[in-house]
Amino acid sequence: MKEMTYAEAIRAAMSEEMRRDPDVIFMGEDIGLYGGAFGVSVGMFEEFGPDRVRDTPISEAVIAGAAAGAAVTGMRPIAELMFMDFSTIAMDSLVNQAAKMRYMFGGKAKVPMVLRCPAGSGTGAAAQHSQSLEAWFCHVPGLKVVTPSTPADAKGLLKAAIRDDNPVVFVEQKLLYRQKGMVPEEDDFILEIGKADIKREGSDVTVVVYGRMLQRALEAAEIVAKEGIDVEVVDPMTLVPLDKETIINSVKKTGRAIVVNEAVKTGGYAGEIAAVIAESDAFDYLDAPVLRLAGKDVPIPYNPDLEKAVVPSVNEIADAIRTVMNR
Amino acid sequence: MKEMTYAEAIRAAMSEEMRRDPDVIFMGEDIGLYGGAFGVSVGMFEEFGPDRVRDTPISEAVIAGAAAGAAVTGMRPIAELMFMDFSTIAMDSLVNQAAKMRYMFGGKAKVPMVLRCPAGSGTGAAAQHSQSLEAWFCHVPGLKVVTPSTPADAKGLLKAAIRDDNPVVFVEQKLLYRQKGMVPEEDDFILEIGKADIKREGSDVTVVVYGRMLQRALEAAEIVAKEGIDVEVVDPMTLVPLDKETIINSVKKTGRAIVVNEAVKTGGYAGEIAAVIAESDAFDYLDAPVLRLAGKDVPIPYNPDLEKAVVPSVNEIADAIRTVMNR
Amino acid sequence: MSIKKSDFKEMYKRMNEARAFEEKVSYFFARGMIHGTTHLSVGQEASAVGACMALKSDDLITSTHRGHSQVIGKGIDLNKMMAELLGKQTGYCKGKGGSMHIADVDAGNLGANGVVGGGHGIAVCAAITQKLKKTGKIVLCFFGDGAANEGSFHEALNLASVWKLPVIFYCENNLYGMSTPISKHMNIKDIYKRAEAYGIPGYAIDGNNAVEVFNKVEEVAKYVREGNGPVLIESKTYRWLGHSKSDANVYRTKEEIESWKEKDPILALEKYLVGEGLFTEAALKKVKQQAYDDIEAAVQYANESPNPPIESLLEDVYA
Amino acid sequence: MSIKKSDFKEMYKRMNEARAFEEKVSYFFARGMIHGTTHLSVGQEASAVGACMALKSDDLITSTHRGHSQVIGKGIDLNKMMAELLGKQTGYCKGKGGSMHIADVDAGNLGANGVVGGGHGIAVCAAITQKLKKTGKIVLCFFGDGAANEGSFHEALNLASVWKLPVIFYCENNLYGMSTPISKHMNIKDIYKRAEAYGIPGYAIDGNNAVEVFNKVEEVAKYVREGNGPVLIESKTYRWLGHSKSDANVYRTKEEIESWKEKDPILALEKYLVGEGLFTEAALKKVKQQAYDDIEAAVQYANESPNPPIESLLEDVYA
Ligand SMILES: Cc1ncc(C[n+]2csc(CCOP(=O)(O)OP(=O)(O)O)c2C)c(N)n1
Ligand SMILES: Cc1ncc(C[n+]2csc(CCOP(=O)(O)OP(=O)(O)O)c2C)c(N)n1
Ligand SMILES: [Mg+2]
Ligand SMILES: [Mg+2]
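Protein chains in written order, with our numbering: chain A, 1 to 327; chain B, 1 to 327; chain C, 1 to 319; chain D, 1 to 319.
Note that these hints are calculated values from the structure, not bench results. Here the structure is a predicted model, which is why all the values come from computation and not from measurement. Keep in mind that the hints are not guaranteed to be accurate.
Stated by the list, open to error - Calculated cross-link-like contacts (lysine-lysine; reagent style DSS-like; alpha-carbon spacing at most 25 Å):
#1 C/Lys56 <-> C/Lys5
#2 D/Lys134 <-> B/Lys108
#3 D/Lys4 <-> D/Lys245
#4 B/Lys226 <-> B/Lys265
#5 D/Lys164 <-> B/Lys108
#6 C/Lys80 <-> C/Lys245
#7 B/Lys108 <-> A/Lys308
#8 A/Lys265 <-> B/Lys308
#9 B/Lys308 <-> C/Lys184
#10 C/Lys222 <-> C/Lys137
#11 B/Lys296 <-> A/Lys296
#12 C/Lys133 <-> A/Lys110
#13 B/Lys296 <-> A/Lys110
#14 C/Lys24 <-> C/Lys285
#15 C/Lys184 <-> D/Lys4
#16 C/Lys189 <-> C/Lys13
#17 C/Lys189 <-> C/Lys254
#18 B/Lys110 <-> D/Lys263
#19 C/Lys222 <-> A/Lys108
#20 D/Lys24 <-> D/Lys263
#21 C/Lys13 <-> C/Lys236
#22 C/Lys56 <-> A/Lys110
#23 D/Lys4 <-> A/Lys308
#24 C/Lys80 <-> C/Lys56
#25 A/Lys195 <-> A/Lys2
#26 A/Lys108 <-> B/Lys108
#27 B/Lys296 <-> A/Lys195
#28 A/Lys180 <-> A/Lys195
#29 B/Lys244 <-> A/Lys296
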């Protein structure tokens with residue numbers, strides 16, 4: 001185990017896989033000498049050279065399309081979008097091409113690619129550089145969607161994503177890049193895609209939460225613990241395929257569920273998770289409505305106070321926990 | 001009242017608004033002389049001429065961007081995407097530009113545009129021409145999303161959308177284009193955006209359903225009516241802003257809810273509606289889990305039997321109704 | 001000119017297969033025996049087949065919605081193709097793809113595409129694979145005049161040029177994108193000139209002349225294979241039939257269509273082959289007959305093939 | 001040349017305002033007094049201001065992430081702009097937009113854009129409005145060399161050309177898209193030549209020479225205003241500072257930066273104005289001082305302005 005930042009863990013995952021497998025290549029805007037907009041790939045160009053660490057023009061559609069074309073012919077490309085917001089330009093390549101090729105071709109193709117997308121607000125970059133759009137990709141059969149919330153998870157899941165034979169949208173949290181944590185160093189440290197992780201065990205209420213909101217949920221759990229409320233915090237880690245079993249079993253145990261995410265509430269993935277709970281046999285165990293706590297239904301504003309108010313705070317999560325407990 | 005098809009109703013709405021307001025213009029691929037891929041705009045080029053009915057090159061990104069640019073400077077453009085699937089190419093213009101301009105600019109802009117998107121499977125056009133992607137747009141603050149399921153609704157809602165000062169994604173059902181219905185002819189027949197419509201009153205179970213699935217839900221309701229089950233069918237008509245009140249009140253009355261849509265289940269808008277119900281005070285009235293019935297989590301296949309099996313059938317809806325009643 | 005007599009025969013055969021295939025599909029559609037839609041390539045056989053014949057058999061292509069002649073040109077199994085059109089389990093895509101998604105990745109056909117311009121990005125980085133793995137193969141990317149206005153065209157040509165990738169961008173300019181004449185969708189007459197915007201060579205060819213097509217593509221393929229980067233070729237041709245299934249042709253005149261029928265690429269090749277003394281008329285007739293027979297056999301194969309089992313609906317979403 | 005003495009004075013003043021503005025913003029960022037990021041345009045003042053000055057005051061522009069000089073060139077209220085940078089209620093966007101979204105739609109600034117290439121489509125159909133409403137106004141669309149590789153560039157230039165819209169596509173080629181030199185993101189040296197791909201005129205200008213910029217844009221604006229369709233102008237220039245906030249400049253040499261500092265567009269204009277006998281050095285000094293004073297006043301205004309109320313978070317999503 002070694003302490004590293006979330007960004008370093010991502011770099012380690014990419015580098016290890018590139019050392020192991022010559023078919024893994026990496027492309028994106030300013031990822032080479034510059035080391036990426038967030039410094040994630042610093043040093044990789046120097047190690048792997050221009051053939052395998054490829055700076056692209058500012059052309060998101062072809063970056064994603066290129067990844068699909070490389071993947072279907074035998075490479076394992078990792079493509080970086082500088083901001084998840086620019087996936088808007090890559091949607092056709094990703095959704096109509098990469099995601100569907102295998103099925104459309106009767107199973108006679110595989111598309112092992114990873115699209116890395118830095119997501120989330122909190123950096124003061126306003127409406128076009130702050131979105132959390134994972135729900136879109138979750139709605140596209142053929143894509144897998146992964147959302148690590150700690151450095152260790154980031155490393156283990158990214159290595160799994162690179163080795164996966166399907167297109168994986170890898171959602172990174174910009175605000176976590178500098179966050180540190182202990183990370184296994186072994187080359188074979190891989191986390192299974194499609195498995196949730198119970199980040200805190202508890203018996204009174206289940207909080208399902210992913211990404212940057214995990215830390216806040218854990219803090220909220222500690223606050224209400226002092227009031228005698230025992231919170232279970234479940235991190236799905238993978239949004240598609242979703243580990244429904246772990247979530248549903250937790251809710252059956254606690255009888256109460258809250259789903260938290262940073263993305264805009266309406267149409268967000270918190271709704272999917274809430275719906276999964278509400279239609280499952282956990283319904284009969286529910287003692288309270290299934291609450292959602294999510295980003296406000298607004299574009300991300302620039303002013304720092306407004307920006308902060310967009311996403312759930314520790315206190316709001318604690319309050320939601322109290323609300324469902326008082327039913 | 002006059003009998004017209006869904007396509008004719010859409011044409012009537014556009015034509016009436018173009019006659020009324022010279023700022024309304026219409027652009028898209030092959031919408032002129034050709035009359036559009038589905039014949040929706042036949043005759044409009046002849047009536048309004050090339051300045052106002054504008055054939056575009058095959059350039060979806062600029063079509064949507066152009067609509068935004070025209071809207072923000074004083075026109076009221078209607079843009080047609082030939083298939084909703086090609087919204088993948090227009091996402092940046094729609095999501096990062098049109099939807100956000102007003103908020104980003106501190107309220108000092110308005111973007112009155114309509115993006116018409118023919119959606120849905122059942123035409124044998126396979127994976128890239130059959131998607132129902134409304135959930136994506138519902139997840140974008142600043143956009144409104146409208147989903148008419150009858151000719152009259154199509155006319156009334158499209159006129160409202162054209163007069164609305166915000167970007168509206170208008171989701172049309174390809175398979176309904178030839179369906180007939182009675183449509184008010186008055187110029188001032190406008191349906192309010194944001195209001196649900198109870199398409200069938202009932203007391204035992206609420207089925208929330210929109211688009212092409214509405215007709216199936218109504219048929220299923222008649223089938224189970226013979227078994228003594230009294231179904232209330234609620235058509236939200238507008239997905240954003242959602243008329244939560246009508247839906248929640250219906251569920252409070254019936255105590256049971258099923259949400260049906262054609263789109264892929266995972267991450268679809270049925271999940272949002274189910275979550276809205278499960279977190280509301282209707283929770284205390286619920287006698288059964290909130291079921292979702294939606295498209296299978298697969299790309300749309302070509303073979304007609306497979307294609308049919310993708311979306312909920314009348315019988316599947318009836319079965320779901322029986323399931324929630326037997327709790 | 002390195003074209004061999006046996007190549008000519010194969011070219012002539014494939015062009016006739018393509019024509020026969022389309023005639024059959026058109027017949028099926030007219031009678032509602034195929035569902036969905038299709039985009040027939042009658043009139044464009046020289047453009048598509050000539051280009052593919054000039055490639056090595058393990059080179060790669062990306063095909064389009066109007067792709068039947070392209071994939072037949074690449075040398076496809078007609079049975080599997082007809083079966084796919086009929087949505088059968090034995091089809092190239094097990095009945096899941098249909099006309100717009102014929103693919104055979106292992107054989108180098110990276111797929112037709114229902115999205116206009118959808119193949120541009122795929123072609124570009126299929127070429128990266130060839131370059132990095134030093135396979136010596138190249139990629140030919142088919143697209144139409146209408147597709148040349150999609151942003152993906154621009155991004156792909158630019159990237160391929162900057163990275164010096166082995167791709168031939170092959171534009172089949174049939175003068176219309178659906179109903180829109182080229183004069184209304186771009187303000188230039190010669191699409192090949194767009195090559196200059198990316199610092200790569202561009203050429204125009206008579207797409208109805210199979211021999212000219214073959215020769216130019218062969219020459220360009222050599223240049224591309226040698227590592228000189230991509231090239232844009234514009235093949236000027238015409239589609240005889242409606243855009244999809246059928247259309248009322250409101251956007252063009254009967255005279256225009258007739259004038260192009262007089263430039264029938266199959267007749268033109270016949271004339272050339274007989275004129276050069278390479279084949280007798282009788283010999284060609286036999287080849288043509290064989291092509292039509294093969295299509296009949298493919299129809300029989302497809303008809304006798306089973307539908308995909310309903311369980312297959314949920315299969316092959318993920319690897 | 002129709003440029004008047006008073007125009008020169010205003011041009012010189014705005015260039016200095018732009019410089020002073022950027023220096024101030026840079027200072028604030030270095031001290032963490034502004035949050036988020038910004039893209040400074042020091043070195044590009046002639047390119048941006050010169051172009052805007054050649055427009056009529058009610059013409060329209062779309063601006064970019066590197067837009068401070070552009071909107072100051074257009075003649076903006078410096079107080080509201082500085083307030084926006086500081087996220088204040090009195091800012092152009094009530095504190096919701098920040099550096100990357102400065103807009104003033106009523107005054108013809110259709111907005112800076114955080115999306116590279118995001119303004120292309122908007123500019124095109126803002127031009128449709130002018131054409132249909134016969135306003136006589138034109139639209140100038142700013143973008144960078146890097147943006148010229150986005151698909152939106154291609155689609156927009158093509159559409160504007162086909163529809164003969166009154167747009168000037170104005171590329172500020174500062175040799176880099178972020179860290180990527182033009183040689184690595186396109187395979188041509190002169191972006192203006194891409195105009196040929198759309199059948200429209202293209203010109204290159206020395207973007208560090210305000211007078212040349214003004215004259216060319218004025219001439220082109222006349223052509224565009226007369227209904228001749230769009231034009232592409234490439235303004236060759238250079239940014240002195242890092243891409244955003246700051247960067248380590250690993251991708252370019254100190255010498256290169258220094259050599260461009262010697263082509264300081266403000267000094268160049270000074271020299272010209274004094275050399276031509278239009279102004280004395282003392283007179284220019286006064287104008288410059290005024291510009292710096294105005295920026296100080298703007299800072300004071302912004303500092304004294306209130307933050308937006310927290311309730312405003314939910315306002316103005318919909319009209
Ligand atoms: C992105 C996209 N936009 C629109 C369509 C609808 N469409 C299918 S084919 C076609 C015309 C294509 O023209 P061209 O590229 O010239 O090819 P051709 O049909 O002439 O062979 C159109 C508009 C589509 N399939 N994909
Ligand atoms: C679509 C998109 N891709 C990437 C980025 C990140 N980004 C911001 S500015 C920039 C470089 C733009 O280069 P250029 O167009 O030359 O403008 P310059 O910064 O040189 O003024 C990049 C890559 C973005 N904002 N939008
Ligand atoms: Mg064409
Ligand atoms: Mg630049």
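Tested hints:
1. Restraint check for C/Lys56 and C/Lys5: satisfied, since their Cα atoms lie roughly 16 Å apart, inside the 25 Å limit.
2. With a CA separation close to 24 Å, the supplied pair D/Lys134 and B/Lys108 stays within the 25 Å bound.
3. Distance restraint check for D/Lys4 and D/Lys245: the Cα-Cα separation of roughly 36 Å exceeds the 25 Å cut-off, and the hinted pair is therefore not satisfied.
4. For the proposed pair B/Lys226 and B/Lys265, the alpha carbon gap of about 29 Å is over 25 Å, so the pair is violated.
5. Under the criterion of a C-alpha separation no larger than 25 Å, the hint pairing D/Lys164 with B/Lys108 is inconsistent with the structure, at around 29 Å.
6. Distance check on the hinted pair: C/Lys80 and C/Lys245 sit about 21 Å apart at the alpha-carbon level, within 25 Å; holds.
7. At roughly 23 Å between alpha-carbon atoms, B/Lys108 and A/Lys308 fall within 25 Å of each other, so this suggested pair holds.
8. For the hint linking A/Lys265 to B/Lys308, the alpha-carbon distance of about 32 Å lies beyond 25 Å, and the restraint is violated.
9. Proximity of B/Lys308 to C/Lys184 is assessed by CA-CA distance (about 39 Å); at most 25 Å being required, the pair is judged violated.
10. Using a Cα cut-off of 25 Å, the hinted pair C/Lys222 and C/Lys137 holds, with the two alpha carbons roughly 11 Å apart.
11. The straight-line distance between the Cα atoms of B/Lys296 and A/Lys296 is roughly 30 Å, outside the 25 Å bound, and the hint therefore fails.
12. Restraint check for C/Lys133 and A/Lys110: the C-alpha separation of about 18 Å stays at or below 25 Å, so the hint holds.
13. With a C-alpha separation of about 21 Å, the suggested pairing of B/Lys296 with A/Lys110 holds against the 25 Å cut-off.
14. Under the criterion of a C-alpha separation no larger than 25 Å, the hint pairing C/Lys24 with C/Lys285 is consistent with the structure, at around 19 Å.
15. As the CA atoms of C/Lys184 and D/Lys4 are separated by approximately 41 Å, the hinted pair breaks the 25 Å bound.
16. Restraint check for C/Lys189 and C/Lys13: the C-alpha separation of about 33 Å exceeds 25 Å, so the hint is violated.
17. About 22 Å separates the Cα atoms of C/Lys189 and C/Lys254, which keeps this hinted pair within 25 Å; it holds.
18. Only pairs whose Cα atoms come within 25 Å are accepted, and B/Lys110 paired with D/Lys263 is rejected, the gap being roughly 42 Å.
19. Proximity of C/Lys222 to A/Lys108 is assessed by CA-CA distance (about 30 Å); at most 25 Å being required, the pair is judged violated.
20. The straight-line distance between the Cα atoms of D/Lys24 and D/Lys263 is roughly 22 Å, inside the 25 Å bound, and the hint therefore holds.
21. Taking the CA atoms of C/Lys13 and C/Lys236, the gap is about 22 Å. The hint holds against a cut of 25 Å.
22. A distance of roughly 24 Å separates the Cα atoms of C/Lys56 and A/Lys110; the hinted pair therefore holds under the 25 Å criterion.
23. A distance of roughly 49 Å separates the Cα atoms of D/Lys4 and A/Lys308; the hinted pair therefore is violated under the 25 Å criterion.
24. With a CA separation close to 22 Å, the supplied pair C/Lys80 and C/Lys56 stays within the 25 Å bound.
25. Restraint check for A/Lys195 and A/Lys2: satisfied, since their Cα atoms lie roughly 23 Å apart, inside the 25 Å limit.
26. At roughly 52 Å between alpha-carbon atoms, A/Lys108 and B/Lys108 are farther apart than 25 Å, so this suggested pair is violated.
27. Our distance criterion of 25 Å between C-alpha atoms is met by B/Lys296 and A/Lys195, whose separation comes to about 22 Å.
28. A threshold of 25 Å between alpha carbons decides the hint, and for A/Lys180 with A/Lys195 the separation of about 23 Å falls inside it, so the pair holds.
29. A hinted pair counts as satisfied when its Cα atoms are at most 25 Å apart, and B/Lys244 with A/Lys296 qualifies at roughly 17 Å.
Going down the numbered hints, you'll see the structure goes against 3, 4, 5, 8, 9, 11, 15, 16, 18, 19, 23 and 26, while the others check out.
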